[in-house]
Structures are given as structure tokens and as C-alpha cells.
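Spelled out from the first residue to the last, the chains are:
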Amino acid sequence: MALTLFRGIQARPLLPCSSAFIARKHVLFCSMQSTQADTTVKTKQQAPSNFTETARAKAVEKVLKDYEAIIGIETHVQLSTITKAFCSCAYSYGSQPNSCVCPVCMGLPGALPVLNSKVIEYAVMLGLALNCKLALSSKFDRKQYFYPDLPKGYQISQFDIPIAANGFIDLDLPLEFGGGHRRFGITRVHMEEDAGKLLHTGTGSYSQVDLNRAGVPLLEIVSEPDMRTGIEAAEYAAELQRVVRYLGVGNGNMQEGSLRCDVNVSIRPIGQLEFGTKVEIKNLNSFSAMSRAIDFEIARQAELYDKGQADEIVQETRLWEEGAQKTVTMRKKEGLADYRYFPEPDLPEVILTEEYVNGIRESLPELPEMKRRRYEEMGLSMQDILFLANDVNVAHFFDATIAKVPDVKLAANWIMGDIAAYLKNEKLSINEIKLTPEELSELIASIKNGTISGKIGKEILLELMEKGGTVKGLIEEKDLVQIVDPAEIEKIIDKVIANNPKQLEQYRGGKTKLQGFFAGQVMKESKGKANPGLVNKILVEKLNA
Amino acid sequence: MACTAGSKILENYRPAYDASVVRKLRECGAIIVGKTNLDEFGMGSTTEGSAYQVTANPWDLECVPGGSSGGSAAAVSARQCVVSLGSDTGGSVRQPASFCGVVGLKPTYGRVSRYGLVAYASSLDVIGCFGTTVADAGILLQAISGHDKLDATSSKRDVNDFTSQFISKDYFESQPLKGLRVGVLSETIGDGVDKEVVSSIRGAISHLEELGSTVTEVSLPSFSLGLPAYYVLASSESSSNLSRYDGVRYGNQIVSDELSSLYGGSRANGFGPEVKRRILMGTYALSAGYYDAYYKRAQQVRTVVQKSFKEALDVYDILISPAAPSAAYKIGEKKNDPLAMYAGDIMTVNVNLAGLPALVLPCGFVENGTSRLPVGFQMIGAAFDEEKLLRVGHIFEQTLQGCSFIPPIIADEFKC
Numbered sequence: 002m003a004l005t006l007f008r009g010i011q012a013r014p015l016l017p018c019s020s021a022f023i024a025r026k027h028v029l030f031c032s033m034q035s036t037q038a039d040t041t042v043k044t045k046q047q048a049p050s051n052f053t054e055t056a057r058a059k060a061v062e063k064v065l066k067d068y069e070a071i072i073g074i075e076t077h078v079q080l081s082t083i084t085k086a087f088c089s090c091a092y093s094y095g096s097q098p099n100s101c102v103c104p105v106c107m108g109l110p111g112a113l114p115v116l117n118s119k120v121i122e123y124a125v126m127l128g129l130a131l132n133c134k135l136a137l138s139s140k141f142d143r144k145q146y147f148y149p150d151l152p153k154g155y156q157i158s159q160f161d162i163p164i165a166a167n168g169f170i171d172l173d174l175p176l177e178f179g180g181g182h183r184r185f186g187i188t189r190v191h192m193e194e195d196a197g198k199l200l201h202t203g204t205g206s207y208s209q210v211d212l213n214r215a216g217v218p219l220l221e222i223v224s225e226p227d228m229r230t231g232i233e234a235a236e237y238a239a240e241l242q243r244v245v246r247y248l249g250v251g252n253g254n255m256q257e258g259s260l261r262c263d264v265n266v267s268i269r270p271i272g273q274l275e276f277g278t279k280v281e282i283k284n285l286n287s288f289s290a291m292s293r294a295i296d297f298e299i300a301r302q303a304e305l306y307d308k309g310q311a312d313e314i315v316q317e318t319r320l321w322e323e324g325a326q327k328t329v330t331m332r333k334k335e336g337l338a339d340y341r342y343f344p345e346p347d348l349p350e351v352i353l354t355e356e357y358v359n360g361i362r363e364s365l366p367e368l369p370e371m372k373r374r375r376y377e378e379m380g381l382s383m384q385d386i387l388f389l390a391n392d393v394n395v396a397h398f399f400d401a402t403i404a405k406v407p408d409v410k411l412a413a414n415w416i417m418g419d420i421a422a423y424l425k426n427e428k429l430s431i432n433e434i435k436l437t438p439e440e441l442s443e444l445i446a447s448i449k450n451g452t453i454s455g456k457i458g459k460e461i462l463l464e465l466m467e468k469g470g471t472v473k474g475l476i477e478e479k480d481l482v483q484i485v486d487p488a489e490i491e492k493i494i495d496k497v498i499a500n501n502p503k504q505l506e507q508y509r510g511g512k513t514k515l516q517g518f519f520a521g522q523v524m525k526e527s528k529g530k531a532n533p534g535l536v537n538k539i540l541v542e543k544l545n546a
Numbered sequence: 023m024a025c026t027a028g029s030k031i032l033e034n035y036r037p038a039y040d041a042s043v044v045r046k047l048r049e050c051g052a053i054i055v056g057k058t059n060l061d062e063f064g065m066g067s068t069t070e071g072s073a074y075q076v077t078a079n080p081w082d083l084e085c086v087p088g089g090s091s092g093g094s095a096a097a098v099s100a101r102q103c104v105v106s107l108g109s110d111t112g113g114s115v116r117q118p119a120s121f122c123g124v125v126g127l128k129p130t131y132g133r134v135s136r137y138g139l140v141a142y143a144s145s146l147d148v149i150g151c152f153g154t155t156v157a158d159a160g161i162l163l164q165a166i167s168g169h170d171k172l173d174a175t176s177s178k179r180d181v182n183d184f185t186s187q188f189i190s191k192d193y194f195e196s197q198p199l200k201g202l203r204v205g206v207l208s209e210t211i212g213d214g215v216d217k218e219v220v221s222s223i224r225g226a227i228s229h230l231e232e233l234g235s236t237v238t239e240v241s242l243p244s245f246s247l248g249l250p251a252y253y254v255l256a257s258s259e260s261s262s263n264l265s266r267y268d269g270v271r272y273g274n275q276i277v278s279d280e281l282s283s284l285y286g287g288s289r290a291n292g293f294g295p296e297v298k299r300r301i302l303m304g305t306y307a308l309s310a311g312y313y314d315a316y317y318k319r320a321q322q323v324r325t326v327v328q329k330s331f332k333e334a335l336d337v338y339d340i341l342i343s344p345a346a347p348s349a350a351y352k353i354g355e356k357k358n359d360p361l362a363m364y365a366g367d368i369m370t371v372n373v374n375l376a377g378l379p380a381l382v383l384p385c386g387f388v389e390n391g392t393s394r395l396p397v398g399f400q401m402i403g404a405a406f407d408e409e410k411l412l413r414v415g416h417i418f419e420q421t422l423q424g425c426s427f428i429p430p431i432i433a434d435e436f437k438c
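Which chain is which? The protein sequence lines are A and B, in order.
Heads up: the first sequence begins at 2 in the numbering used here, then just goes up one per residue.
Heads up: the second sequence begins at 23 in the numbering used here, then just goes up one per residue.
Looking at chain B on its own, in the form it has when it is part of the complex (with noise of 0.2 Å):
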């Protein structure tokens, strides 16, 4: 199969290899359907930004499907598949699962190894999974989880079993979730988000209540910070990650008798708005002069997000937050507003900073004239502390009355 990273780059390309996490699938007997869209190079909320197609939202097929990871999402949630592999640098796996109305899970950096995935920012990026339900999430973590000798940066620390500790419905407790100290991120769920995402979250947190967890608001000043500095280090490593692609080993080459503009020619024809846009942002912010003031100081504001996710998850077993502002949004909406489409990757970009394992789960709907549209909340957990994520995510989705995210387009085959 091509890869070509939703880029024009790339186009035609077929890898030498397989990716870790694709040979550690196959080695488990998983059958792989297909490659899914996304936006170029990962870069980007809607999957508007991919060089071929616009991929739409199973739930309203004039709204994106978020992003970037959005073919993966769409896919799953149409029932194309089981489950999908994204990856999540800022939010790409988590977002476009509320928005499709599909488990997300992005593990703890390290857990999964990046080897074969095309970089965007190495510091960042996580391959994630897609489910219709966390069990199914759960599994896929299972079989892709663990050290890798070709990635350097990924953990040695024992998996654990993260399926065995699902409990069915039909053994639990009246309150299985007695004694889980939740705290929701109150920086969250205030100004410039979406009033009916918040009253989903507001249901989600009483559900967890009524499961028996005691639920207290936290503040996390820290928080507001996460979104600059993300796309000051994301960019920045970006703008190294994709010097690779250069026209003279492989991908798109323009004809040229002269190696400045056989570069400059291959990378202007081959690399799409969003994406010259974050190199050049990113070559900036690296630049002599401009290094302290742009990347050294992100990666402190980096550190100060770190420490203040480590503080309270000492105190919180877990962190409740939207996984986007709003729910999925028209096609072409904020395809020329890069910064309101940035402004959107505020729930998630703080817990890639922080390097931490999210869960999101879809949780409710808001109107959309005629259709309704799925909403996911973020349950963030500690470092390498995905199985507690799961369980939690487990008992929640099997108690959740009421609601169904199968699309209404393929509802008639898939009702139970």
C-alpha cells in the first residue's frame, strides 16, 4: 500500500517497510483493510487538510470528521472496520473520536513504538486507537504496547494486561467505581467552549458520581500556556522532521538543473499550505536569535505543564475534561482560519505536552438543526497508567443509558 501521509510529497510512495505497530498486528493474526485519511503529515484538525480527499462525518456528511486522524475515526465509526490505529501529536486521535462519536485512546509517550510512523514532532507524537467500544480500544493497545528496539524512546516498562481487569456489567457493585478520586479541569469547562459540549461533560461527571467516584473541580493555571507552546515545539520539530522530504531519494521531484531550486521547486509543489505554514513557524522558532525566546522558553513552559499534571494526578486518580471545545463542525468552516482551527486543539494538546495516556468516550450529543452530533470527554490518567483508564472507561460506557453513537446512516444494519 502507498504511504503517502496525506501528502502530495509523497505521493505514489511505497514504504520499505512495515511500521512496528503494523508487523505487531499481523503477528497477531489481525487483518489490515486499509490506510486511512488524515490531514497532511498529521497537521491539522478537520481532515480537510490531506492533498486527496475530504473525508466526512458519518454523523452529517457536510461536517468534518476532526482531525487529523479523521479517516481513522470516520472509518470506525461507520463500521468500516473494528478498530484503527491514529496518531496523536496534539490531539489528532482524541479530537476526531468526539467528533465521530468512537472510543479514542492516546497511550503514555513511550508505551507504543514510533517506528514507522511518519514523524511529525518525534517529542509529541503517539500512535493511538480507535474502537467503537474501550474493550476493542483496549485490545488494539494490547497487541501494539511495548519497548521496541528500533525506537529508542519507547519504554521498557512491563504491559500489563489491560483487558483483564473488564468487569461485565453484570458482576459490578452498586457503586463499582467507589473511592476514584475524579478532579475536572475547571479551565475547561468555562468561557469558549460549547454550552451544550459542557452540559454532555456536566452528564458525564454525574454518571461517574452516581458510579460511585467523588468528583471535585481542579484548576490547572498552567493550562491556557499549553496551546503556544505546543505549536512552538510541534512546528519546530516538524520543521526538522520534514526536511527528509526533499525530492532526490524519494517522493515528488520537480525537473531542475540546479540542486536550490530542485529542493525548493519539489517542496513547494509537493507540501500543502498548513503544512509550509508550521515549517516556516517552526524554522523561525529554531532560528539564531530567536531559539530563547521561542523554542527554549516553550520547552519551559513545557516542564511547568508537566509538573503541574504530575501535582494533581498525586491528588486525582484521573482528569476530566471535553476533548474539544465543540462538537464537529461544517466542511470549510475554519479552513481559512488556521488560528480558530489551532484555538480548537485546546483540550488536548496540554496532555501531549505532559506526555501523559488520555481516554476519550463518547458521552452525549448536541443539535445540530436536523441532526444530532456526538460529544466525547477526556478522562487523562498517569504516566503508563493506561489500565486504569480502561476499567474506568468500561464500567462507564456499559452503564451509559440512553445513548447509542452508531450513525444514524447505517443505524438499520447495525441496530441491536
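With the rest of the complex left out, here is chain A (with noise of 0.2 Å):
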């Protein structure tokens, strides 16, 4: 019924507004999950193919020898706390339009703001895991434009006083792209609201206006231009995202907008002091559209320098086009947009007591950054540092596999391998699997004291990821205990040579190889359990007795 509230551009009926009031009610929470990690490293893979990718990596390789490219980002990373900002509205991603609405997000008259304290605690959690200042005293402004996705005809944000200031990220380059140790300063995080979603017919002849994510709390996250190529901007928004999701602050989710990254490229040529025209980038949905829609500004801002058209390079708003794999003109600024800020009077400053920074800074978790050194200090290769700390659920999966037994390389190796090859076979996430931490550090106990065989293990963790259950339960249901006493392993050697007199025969004849036959029949005979060191042991002493 909220669907119907409001009118596209187009004159339509004029309909009471308290349907709405009444649906938002109604509403489920909803928690919004992390469910994938999507991480430079993958979706590079889904790049449309091999040839394009080197040749343009090629190209912006040359290019970078005359020139100098200079990347600053801005992120918005809408915060998932239960109610939106300033009202106590639910919202969920994908809900029915206009269904997580109330007269305060509508922006009704009347209506007023009041802060939900969890955007503090929130921005505060990352403006202290990127290493910021805050400022214990701050206050929202009101940015002033007219747009029918914006109810109030402003946006509550933070103009000259943000919450949080003069920051970095530290983060690791993946080795295929080189490797090495970064740190990219933050210039400021400040707090705002989300705007609505206009949904265009297909004719185009109306517009319709959805508020559900109206008034949704973000931080926006603006960096110092420190980047210099389209990896180390793509890095940087996945290290951001990484930081975000180890908080648990947001879902960090590009696809669905939950996390959104504007770019801002210019190049000079190396050696020039002054800055170059910078153009700003939008529509980049993933890691990899970033770091390839970067390069390709790049590019084309280098050729126009190099035919001597530099000026041809305006201040702009360019839209990168995923099919055709270039940005084109979105809007030419004229002049600077006037917001026409100022304080937003119906707001208290927001005042912040060392205490409360302090509670936050202690019950802080371990950061993407800290784990990766702590990760290093266990002897563990960068590609399996990465590989465990990209995505925090795997890495809390790890953390906790490694607490019993700490067997750091053995756990790395089922993570990455058997349970990765799983995870991507199935299209699963670590956390929806039936197994547990501690049945793998279970397992990888079992195999270490030789109660079950490597084999063996890798046959009960394909059932401990589908069908759950422990270990214990498993090997005794299926009676899966390796037989490690010798004089039963000998009994079954001896039944095994008394069957197979003619290979003893040409055995012993000198036809040593058909020991290994001799061995899977052992195997065999005993389903796989008898321990192969003392088969083998045991085997020889009799084959040659």
C-alpha cells in the first residue's frame, strides 16, 4: 500500500500519507549479512579476458614512464545499524518500495531528526581503525540541493567539522600484482544520510521516487591522493572494505551499494610540481571495474597530453561504461555546485567524552592490518596471509581452528585448499558450511596423533562440510580408527602373502616393484585403516625374511 505514496514527476492523484505511517509498523528487521568477499584478487578473474588485460596493464605500464597519476577516492559505506539515522525506521536492501518509511525520512512537515547514537559508535570504531583524530566536538550541517530522491531538500551531513580526521589505511599488495607494503593517508570520515532511489520507467516518460533508503546512515570516507595506479585504488577500497567488515560496521557490499567508491584521477608529467585537471570517476561496482576504469582515464588523459591537447582534459564528471570498458562524460562542472551549508539546527553538537572514545578504542577487534603482521610473525607465507586475512570470516575460521591446536601451516593448508576448492565448488561462503573450527582442529589432531589417516581425514571433512557432526563420531560410526598395532597389520600381511604366492615368488625372484602391490592388498584387506609407515615397515621385513 506504502507503494502507491508517491507521485512519479508527473501530475498524479494527491494520496494521504498516513498509509505509510502505519506499514512502517509492520516492518521485519532484517540483519544484513556479509555474505562474500569479493577481493581484488577475484574479480580480476572475471575481467573480460587475457589479451585486453595485459595489453591495457601494458599500456598504463608505458604510460607511467612519462607520467605520474595522481588517485584520491571518496567512499560511502552505509552503516547497518538496525534503524536509519534519524528516525527509527528499519531498512533492509531489496524491501518494497517505500515500505521503510516514516514522516521523519519522508521529510513530512513537522517531522525532526534525532540521532541514533549507534552512527557514533560506528564512526568512531572506524575513524579509530583508520588511524584518525577525532574531534570529541563535532556537528551535522545541512548541504542544500533540490532532488526528488531527497525528501527534505538538504542533506543532514558534516561540513567543516568532521567526526574523524588525518588518518591512513596500511594494506599488502597481492604478490601478482607486485607485492609490498602500503600506506594511504585519510583525510577525513564524516557522518551523513543516505538519499532516496529513483526508479525510470522504461519509456522514460515518469520517474518514481522510493525513500526506503532515505536517511540510512553513512560515513563518508574521502583519502588524501596517494594513490598512483588502478591497482593501488582498487587495494585500497578492498583494504577499506576488509576494515569495515572486520568492525562490522556495514555489509560493505558494492553490488547492492552498500559500499561505493568515487574516484578522482589526474596526471602530470613526471617532474611537473603543479597538479594536473582532475576528472572524477562514478558507476565503478567492483574492485575491478575500478582499477580498470582508472587505468583507462589514465590512459586517455596521457594521450591527450602526449598530442599536445592537455587542455582538452576538463574538470568532469566521467561514467565508466562496464560494457564498452571506458569512461565517458557524465556532466561538465560549471563552477563550484553551492551547498550552502550551515549548521543544522535541529541537531546537538555531538560531543564526545575521552571515556567513550576510549571503551570503543579497548573493545576494538583485531584489524585486517594487525592480523596480517601477527599472521607474518607466525612464519606464514604472504599468499597465505592474504589469502586468511581478506575475508574475516575466514580468518576468525583460522583464528579459531589454530586456538587448540596450533598447527599454523597445517591449518592454513585444509583452509585454502580442501575447504576453499569446497567453498568454490558449492558457491558457499566459509560461515554456511556444517563444519566447525574446532571439528578441524579436531581433525587435524587425529590425523597428527595417527588415529586416521590423511586419506581418511580428507574423506570425513567432505561430511563434516555437508553433513556437520564431529570427528569422533565419525570415525567410531564408521570405524575408520587406523589400525596401528603391529601384530594385527602382520596378521593381514600374512593372509595377504598367503594369497599371492606367485608374486611372493617373483618377488622374491628380484621383482622388488610389486611391493606396492603387496601394500594396496594390506590397504585393501584392511579398508584403508592399517597405517601405510608400519605396512610398509612391517611388509619388507616379511617380504624378505
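Calculated directly from the structure, the hints in this document are not laboratory data.
Straight line, CA to CA, 20 Å or less: simulated SDA-like cross-link-like pairs of lysine to any residue:
no.	chain 1	residue 1	chain 2	residue 2
1	B	LYS171	A	ILE352
2	A	LYS333	A	ALA311
3	A	LYS198	B	LEU281
4	A	LYS144	B	ASP314
Join these two chains into a complex; the hints should help.
Following this line, the structure appears as C-alpha cells:
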């Protein structure tokens, strides 16, 4: 019913708003779960074709011999608070249009914003995680412009005093991109509210407004112009996503628009001091798109420089077209937009106490950079480190696994090998499988102490991932305990030798390769449970007796 | 009931919810009789700025009732209801109370929730009370005061029982206001103020002295700065607050196949001249390059005004001034002279800038040809001390001899 609430841009009869007001009370609370970890490494493989990839990389490499690219990124992170920033509406992505709305987020006359304190908490968390200096006293401001998805005619944001500023983010570049540690500056982090969405009709004759997203809390993170390549920019965004997910302040999902990046790119001939004209790129829906769009833009600008047409690089907003793999002009900037910012009179100042900040600082989880450094100290390779630390759920799984059986390398191998392969095949995330870290650690222990063989371990693992259960239970149920009693193994070997007199004769006649045949028969007879080391040891003795 | 705020842009708009003050009143068992006329979005001092009707002053039907909450004042003055609510951004409760001969109470900013009040200037808007007696206004204030979780600017301070301190005149001591220190704002009883108004105020002052208070004239040098600062700040905030009336979601919308003309047309058609004037002034004041000279400067003035009131109220219990420089004037007299109308707000705007409570009480009359028009005086108190204003006002009105503030046209029905 609330769907019919908003008229399109064209005139349609006025409908009462009360239905929407009632509707919001029936909105279900949905928690937003992180389901996938899209990293540059992964999405990279989805790029159109290897040929264009390589060609692009080569082109950029060539350009960067003569030019330096300056890249800065503005990121909007949607916070996964239960209710919106300034009202008590719950929001969940994909709800019926205008079903998560109330007088406040619809901008009805007389409605007033009241700040959700979780927004401050999450902003402080991210500010601290990005090594920022916090403003103990900040405020909200109104950013004013007209657009149908902006119900009040202004966005509540922070202008001259952001809640956090002057920080940095550390990351490790993947080895396939040359590796190396990077530190990129964070200019500021501020709180604001999201706008609604316009739904355009097929015919284009009118548009409709969906205000579900209006008032959803955002943190805008502005980077220093510290990135020099598309890869660096994409890795910066991927690391930001990791931090957001590690903190649990948002789901960081780019496809749903929970993490949105706008990129500013300019280039200058190497050695030149002043910056070139910067161009903004929008519509970047994945890290790989980001990386490709930036490289395209660098090459485009370099070509203009080369041709002596640098003056054709103008301050504008360009759109990345995924299909055509290029950026196109969206709008040229006609001077600076005047948003007529002024302090939001409906909201009091945001005052943080030292105790409050310290409380949050102390409760921060281990962040990606700290985790990577810890894994490094454990002796893991950078490739392993990046794989494990990329996805917060994988990292948690790994940490829980090694908590009991601290065999770091074995745990890493199981997760990166059999488990990762299974996840990929089944298109699942690590917390969607039935296997628990405790059981993985039990499995590793059972193999280490010889209760089961590695081969049986692999079989059990599959069952644990699919159906769950415990390692002990499965071993018992299936009678899989390894036979380590030499007397019992001897018995089986005697039987096998007795049953194969011909082969024994051949073996003793010099065909020692037949040892493998006997070993296989013994394993078969023991249903795979005989300890292979003992089997070989005893077999040799018996055969050569 | 429709909620138009006196504007054509909200013609037929029916709100989805009750304002917090209305909800509270209903919870107390109040009967909501109706809604009253006002200057469009509270912008005006005569109620002529309504897009719908011109409200007349019950004392003289050819005169304005004041504004912007002129309808509320006139309704109480004509005894059409017991009490009414208005909104006071720069004097819109107090000035019409004075013009209509009723009690007008502007509470401290934050005392009453603004949730559901159609915003004009958020940092100045206060919902106020009209009544024929101080007691009625006090009872109304009691019902609507207190913190509201829907208004982040509403105060969490406890609300005292305003009416418990009311003393009937039968129990008065000889000098019930003994010890009360009263400061008369000297800037408000000099040049530019109607002589008859001044003599009414002087009458009220002598009455206060008779009741035992000590009265001193006090000068607030920042007083004259308040008016320009007020018009910059109120216009700036209103230019922002009125952005939501864009014809997209509710209210009057013109037919257009292009977005900017939909906005332009709906707003050009829906807003009246005074509203447009203030939106333009406010937009200008907030524009890049002008912000520092106007908005920021006005905020600095506001701080100075707040400070000077605070200092005066450290010395005096209450401060006194007229509620308006004149009594009610003829309908149409200032309609085409906005600056003259703005100047009429000189007595009240400083109180909004300082966020203080003020009570306007009828205290006398001015002759107006064949008729008489009431005049009110304003008592300004310390923040959140409405209690003192109500106590003093209650004593004052009970002891005011020879004045009956019932408009002649209804006097026959209401003579006591």
C-alpha cells in the first residue's frame, strides 16, 4: 500500500500519507549479513579477457614511464545499524519501495531528526580503525540541493568539522601485482544520511521515488590523493571494505551499493610540480571495474597530453561504462556547486568524552593489518596471509582452528586447499558450511596423532562440511580408526602373502617393484585403515624373510 | 484536519500524524476545536500573509489581530475557545496577544517539543500558549511541556508544577511582590514607540511597584542589533526548512514534463510574496562568499544578545518591555511595507535569539478613534523559569483594577 504513496514526477492525484506511517510498523527487522568477500584478486579473474587485461596493463606501464597519476577516492559506506540515522525505521536492501519510511525520513512537515547513537559509535570505530584524530566536539550541517530523491531538500551531513580526520590505512599489495606494503592517507571521515532512489520507467515518461534508503546512515571516507595506479586504488578500497567488515559496521557490499567509490584521477608529466586537472569517475561497481576505469582514464589523459591537447582534460564527472570498458562524460562542472552549508539547527552538537572513545578503542577487534602482521610472525607466507586475512570470516575460522591445535601451516593448508575448493564449487561462504573450526582442529589433531590417515581425513572433511557432525563421531560410526597395532597388521600381511604365492615368488626372484602391489592389497584388506608406515615396514621384513 | 500553515502549497494537505503537543493535549483530555489562521509559515506580523483569509481583530474588525499566530489570539480574545496554541519565532505569540488583549506565553526554547510544528526557523521556533488568564496559559503550558524523544532540541529538565504557586488574591500579603527585582529595558520605552503604549507600560510598572517590587531602568546596548540578526537567521533557516515543499511528495504540484520547471512552477505557484522574499534573503545570506558577512555575523550578534540578557537576568528577576511598539493597526496599513512590519518585531525578536521565556499580559488601552485597543507588556525571565513569570503575572492580573479585556462586540455575553 505504501508503494503507491509517492507520485511520479508527473502529476498524479495526491494520496494520503497515513498509510505509509502505519506500514512502517510492520517492517521486519532484517540483519544484513556479509555473504561474500569480493577481493581484487577474485574479481580480477572475471575481467573480460586476458588479452585486453595484458594490453591494458602494458599500456599503463608505458604511460607511467612519462606521467605520474594522482588518485584520490571518496567512499560512502552504508552502516548496518538496525534503524536509520535519524528515525526509527528499519531498512533492508530490496524491500518493497516506500515500505521502510516514516514522517521523518519522508520529510513530512513538522518532522524532526533525532540521531541514532549507533551512528556515532560506528563512526568512532571506523575513525579509530583508520588511525584518525577524532573531533571530541563536532556537529551536523545541512547540505542543500534539490533532487526528488532528497525529501527534505537538504542532506544532513558534516561540513567543516568531521568526526574524524588525518588518518591512514595500511595494506599489503597481492603478489601478482608486485606485492609490497603501502600506507595511504585518510583526509576525513564524516557522518551523513543517504538519499532515496529514483525508479525510472521503461518508457522514460516519468520516474518514481523510493525513499526506503533515505536517511540510512553513511560514513563518507575521503582519502588523500596518495594512489598512483588503478591497482593501488582498488586495493585501497578493498582494504577499506575489509576494515568495515572486520569492525562489523557495514556489509560493504558493492553490488547493493553499501560501499560506493567515486574516484578522482589526474596525471602530470613526471617532474612537474603542479597537479593536472582532475576528473571524477562514478559508477564503479567492483574493485576490478575501479582498477580498469582508472587505468583507462590514465591512458586517455596521457594520450591527450601526448597529442598536445592537455587543455581538453576538463574538470568533469565521467561515468565508467562496463560494457564498452571506457569512461564517458556524464556532466561538465559549471563552476563549484554552492550547497549553502549551515549548521543543522534541529540537532545538538556531537560531544564525545574521552572515556567513551577509550571504551570503544579497547573493544575494537583485531583489524586486518594487525592480523596480517600476526600471521606473518607465525611464519606464514604472504600469499597465505593475504588469503586468510582477506575475508573476516575465513580469518575467524582460521584463528579458531589454531586456538586448540596450533599447527598453523596445517590449518592454513586445509582451509586454503580442500575447504576453499569446496566453497568455490558449492558457491558458499565459510560460515555457511557445517564444519566448525573446532572439528577442523580435531581433524588435524587426529591425523597428527595417527588416529586416522590423511586420506581418511579428506573423506571425513567432506562429510563434515556437507552434513556436520564430529570427527570422533564419524570415526566411530564408520569404524575408521587407523590400525597401528603391529601384530594386527602382521596378521593382515600374512594373509595377503599367503593368498598371493605367485607374486611372492616373483618378488623374491628380484621383482621388488611388487612391494607396491602387496601394500595395496594390505590397505584394501584393512579397508584403508592400516597405518601406511607400519604396513611398509612390516611388509619389507616379511617379504625379505 | 488539513494542515496548511496558511500556505497554498499545502492546500488540502492532511498530516499523517499528530504533533507532540497535540498528542499530549489529547492525552490530558483536551478537546481540539479547530485550527486557526496565521501568516503563511509564520512569516508575518498581521495574519494578512495567510493564503486563505484575513483575520480580524475582535476589538476592531478593521484592525489586524497581529501575527503570525493572529488566528489563535483572535479566537481566544473572542472567547471562541478557552486556550489556543501558537508558534513564536520572533514574537508571533506575544505580539498578537498584545494586539488582541489576551495572555500570551512564549516558553524557553526547548521547554516544549517542536515535533509536528511546521518549521519556520528551527533554532528560534517555540510553541506558545494563549489564554484569557495567566492561570489558563499556565495550565496549557503544563500540559505540553517536557522532553520529547522525537525532538532532539527538547530539554530533559524537570518540569515544575507551574500552577501550584498560584495564590488567590484573597491570601495576598500587602506587598506580594516584595523583593522582586524588575528591570525595564530603557531601549524599549523611548523613541519610535507609541506614546500611549509607553504610558500603558509605565502604568504597569507603577502597579508592579505598588505590589512591592523594585523597578530600575536597564540598558541593553545590543538590543537594536537583534532585529537585523533575527531577520538574517530566521530567513536563512527558513530558506532551508521550506525546501521540502517542492511539489514532489505532497502539496500542490504543477504539471510539468521537466524537473526544474516542476520545482520552479510548484514553488512559484504555492508560496506567497512574503515567503518568497524570506527564502530569497535566506538563500542569499547562506551563499558562498556571503555566509561570513551575514549568517556568521548574525550568529555572533546572537551570542552577544544572549550574553547581555544573561547578565541582566543575573541582576534582575524579570525584565520588562512593551510587547509591540504600537497597538493593533488597520488591515492593509503595512501590507505593502515589509520593512515597517519587520520593525514592529523589535520588542520580541531578542527574546527568541536568547531563547528565553516571556509572558505578555494585557495592561491598558490606547484610544483608536471611536474604539479602544488593548496593549500588552512583556515580562522576560531567566531560561526555564516560566514559573516565576507565571507567578508574577498571576498576581499582576488579579490586582489590576479597572481593566476588563473583553472585546466590546462580545461584552454583553461575557460580562461578569
